[in-house]
Amino acid sequence: MSVLVFADSSEGKFKKSAFEVVSYGKKVAEQLGTTVAVITINASDVSELYTYGAEKVLTVSNEQLKTFNAKGYTSVLQQAATAENASIVVLDSSINVLHVAPMLAVAMNAGYASNVVALPSEVAPFTIKRKAFSNKGFSNTVMNTENKIIGVAKNSYGVHENPVSGTSESFDVSISESDFGVTSEKVEKASGKVTIADADSVVSAGRGLKGPENWGMIEELAEVLGAATACSKPVSDLGWRPHGEHVGQTGKPVASNLYIAIGISGAIQHLAGINASKVKVVINTDPEAPFFKAADYGIVGDAFEVVPALIEKLKAFKAA
Amino acid sequence: MKILVCISHVPDTTSKINFTENDTQFDTNGVQFVINPYDEFSLTRAMWFKEKQGASVTVVNVGNATTEPTLRKALAIGADAAIRVNAAATDGLFVAKQLAEVVKNGEYDLVLTGRESIDYNGGMVPGMLASLVDFNFVNGCVGIEVDGTEVSLVREIDGGNETHASTLPMVVAGQKGIVEESDLRIPNMRGIMMARKKPLTVVEPLEIENATAAQSYEKPAPKGAVKLIDADNIDALIDLLHNEAKVI
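Same order as they appear, the protein sequences are chains S and P.
According to our numbering, the first sequence holds residues 971 to 1290 in order.
According to our numbering, the second sequence holds residues 49 to 296 in order.
Worth flagging that the hints you see were computed from the coordinates, not collected in a lab.
Don't take each hint at face value.
Simulated pairs of lysine-lysine, DSSO-like, Cα-Cα distance not exceeding 30 Å [unchecked claim]:
1) S:K1248 x S:K1159
2) S:K1163 x S:K1036
3) P:K100 x P:K246
4) S:K1248 x P:K64
5) S:K1159 x S:K1180
6) P:K271 x P:K64
7) P:K267 x S:K1248
8) P:K100 x S:K997
9) P:K246 x S:K1288
10) P:K267 x S:K986
If we strip away everything but chain P, and leave its shape as in the complex, we get:
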C-alpha cells in the first residue's frame, strides 16, 4: 500500500497571532511552526500501517522552502520520502489542485490528511482533493482499518460515530481518535539523523489562479474585563445571565 500524507506547516498551537504590513500578512516573527496537529494524527496512523502492514509513506507539503524543517520532522518520525510543491499555500482549491497532481503522478492507494489546518481553518483541501482525483472520501475520521482494498472507517458525527465501508483508493481526513494523543511520536536522534538522508523532492507547481485571496486580517475586538461574582452570591450570577446577557 502506498500512502501519501499531506502535511500543513502551521503556527504552534500556543502562538500569539499578529498581523503585519498594514494587516495584510500574518506576522511570523517569533512564531514556532509545527506539523498541523490534525495531520500529525494521520501521519501517526500512517506509521502504524507502515510497521504492521508494510505500507510505504510519503509526506507532501505545498509551501515555500521555509516549510522544509516541518517535512524533515515528518521524515524523522518515520516517513520514507518527502515532496514539497514549491508554491505558497494561500487558497484551498489551489492547494488541492497541486496535491491532485502529486497523487496522480505517485499512484497512491491511500491519501491521509488532517481534517483542517489550524491556521486558515478552511477544512476544504481533503474533500476537494478527493473529488479532483475521484477517490472515495471520508472526513473527520476517528478510526481506519485496511484489509486488501477494503477499508473500514469510523467518522465522528454530531453526538456519536458512524461506521463506513469503502474501498481504496481513498482520501481520508483524520482527527484525534484515528490515533490517541499518547500514540504521537517525538523524533529520536536516530530518526533525525536518518531523516537527513531521506529524499526530499521539490516539484514546481502547476500554474493556477487562486480562487480566493485574503485581502486583510483583523484581530478579534478586545474583550472587556470579566465581571467577578462572589462565590456566596450565586443569585447575582443568575440575575446577570438572565437580565444582562439574556442567555438563560
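Okay, chain S solo, but in the shape it has when bound:
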C-alpha cells in the first residue's frame, strides 16, 4: 500500500497546486508509514517535485495526451495506482482534475472526498475535513472504502518543503481508442493573463463601478499586483464583464491569498464563493455594506478616488 499523487502540469510546467498536493501526499504517506509516488503527464522537468517530498516520480510522455483528455488521464492514473499498489490517490482541484477525479473513483471503486482542507485527523477510521455548504461549513468525513481519493482544496494545505533525493522513471501507459469519445476541437484562452484559478491575488469589482467603461482602473490595479480580474454576479449578468470573471457561489470559486472587492456589497452568495481567500480587502462607499463584516481590511470611500490613489501608491511601493 502506498500513496500516489498526481502533479498536474500545464504546457509542461507545474503550478503551485502541484507542489501543494505533493507536500500533502508526502505527509499522508508519513502518517501511514508508507511511501509516496508522484505521477506526471508530459511535464518537462520533474526535479522541482523532490523539494516537496516526491521520493519517486513516474513520468508519462504521450503525444495523444498533449491536449487534456479526461478519460485518457483517468486511465493513466488508474494504471499508475495499480503499478504502485496505491490505495490513496491525492489530487488537486483544478478544473481538469475535478473532471478526472470522479471517473477515477469509479475506476478504482474508491470513495472520493473533494475540497479537503487538512491532513487526515485520524487514519483509522480514515477521517478528513472538507469544505461544504459553499464555504459556509466544514464536514469531518470518514472514508470507508479501501481505496480513497483525496481532492485537496486549492491553497488550503499550502506548499511545504520537504526535500528528498528523489528518482524519476518513465512510465509506459496504454491508451485505448475508446478513451477518445470526447475530442478537443478548439481551445480559446486569453494569453498572458493571470487566471482566477492560479492567481495569488484577485481584484474584483461590482455594480458600484457604474458601467463597463470604468474597468480600466480595475485592470490597471490588477496589473500592478500581478492579480487576476474578477466580478460580481450582477456585473456578469448585465454583460459588463465576461462570465468567466464571475466569482461567487454559482460562479468561479476564489481561494487566493489576497482578494480585493471594489464596489461589491457582499451578498451572502458572493461571500460563499470567495471566503476561502486568506486576506480580504473591501472598498465601498456604503459603510453598512455586508462585505465589511467579512473583510479583514476596509476603506469606506468612493472607488473612483480610492482605486487611482491605490494604484499610484502601489506603483511607488513596488518601485521602492
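Starting from the known structure of chain S, fit chain P onto it as the hints suggest.
Here is chain P on its own, set in the frame of chain S:
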C-alpha cells in the same frame, strides 16, 4: 431524444447554515429548499431541447419524500415526468450508483446535471454516473448543441473555453452559460396546475454501502472585526498588507 435531468434539493443560496444534534446534522429549521442552481441551468437547457427539438424530459432526484416539492417545481417549469429514488443522499458514489440504475432502466440519450450541488459541493456525481453507465462525459459545460447523435460542447477551462465534439449517449454537467441567468423560468400558474397531474414515480433504492460518511460538521471560525483604514491614508493599507497580512 430522451433527456434525464438530475436534480439536487438544496438550501436556498441565501440560507444561513447551522448544525444541530451535537453538530452531526444540518439544521433544516427555517431553511427554504430549492432546485440546485447549477441543475436549474441544465434543466432550462433541457426545456430548450424539448421545445426546439422535441425531446422528452424526465427529472430525477435521490432523496426522501421531503424533496418532492422540488421535483414538482421542475415539473411546473416543464419537465414531463419525475422520478424520486427513495433514499437519503449522503454520499456521492451512493447517489451516482442509484442514478446509474435509473439511467439504465430508462434508456436515456442525454443526462444533464449541474456541475456540483451547493450543499455538499462534492462535484462528483456527474462524472461517477458517466463512468458507471459508460457514457461520454463533459464537465463544467457552458454550451451544448445536439444534431442527431453528434454533440458539440463548450467547456469552461482556466482562463478560457474549450470546444469538444462527442456523441450520444452522454452525461453533461452544466453551469451558468449553458443558458443565461435571464433564461431561467419561474413556473406560472398553468405550469403549477399541470405539474400536479404529471407522473412522479417513486422507486426504491439499490442496497449499497456509503463510501463516505459525514461524522460531524463545523462552522468557520468567527472572523475578527474589519480594520477600517481612512480613504485618505492609502499608505496605511499598503503597510498593513505588506507587514501584517504579508500578501504584497
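Hint-by-hint comparison with the structure:
1. S:K1248 x S:K1159: It holds: about 27 Å lies between the C-alpha atoms, which stays within 30 Å.
2. S:K1163 x S:K1036: holds (22 Å)
3. P:K100 x P:K246: holds (21 Å)
4. S:K1248 x P:K64: Roughly 21 Å separates the two Cα atoms, so the pair holds.
5. S:K1159 x S:K1180: Given that 30 Å is the threshold and the Cα spacing comes to 28 Å, the pair holds.
6. P:K271 x P:K64: holds (16 Å)
7. P:K267 x S:K1248: Satisfied, since the Cα-Cα distance of roughly 16 Å is no more than 30 Å.
8. P:K100 x S:K997: Distance of about 54 Å is beyond 30 Å: violated.
9. P:K246 x S:K1288: Violated - the C-alpha atoms of K1288 of chain S and K246 of chain P are around 64 Å apart, more than 30 Å.
10. P:K267 x S:K986: holds (27 Å)
Checked against the numbered hints given earlier, the structure breaks hints 8 and 9 and satisfies all the rest.
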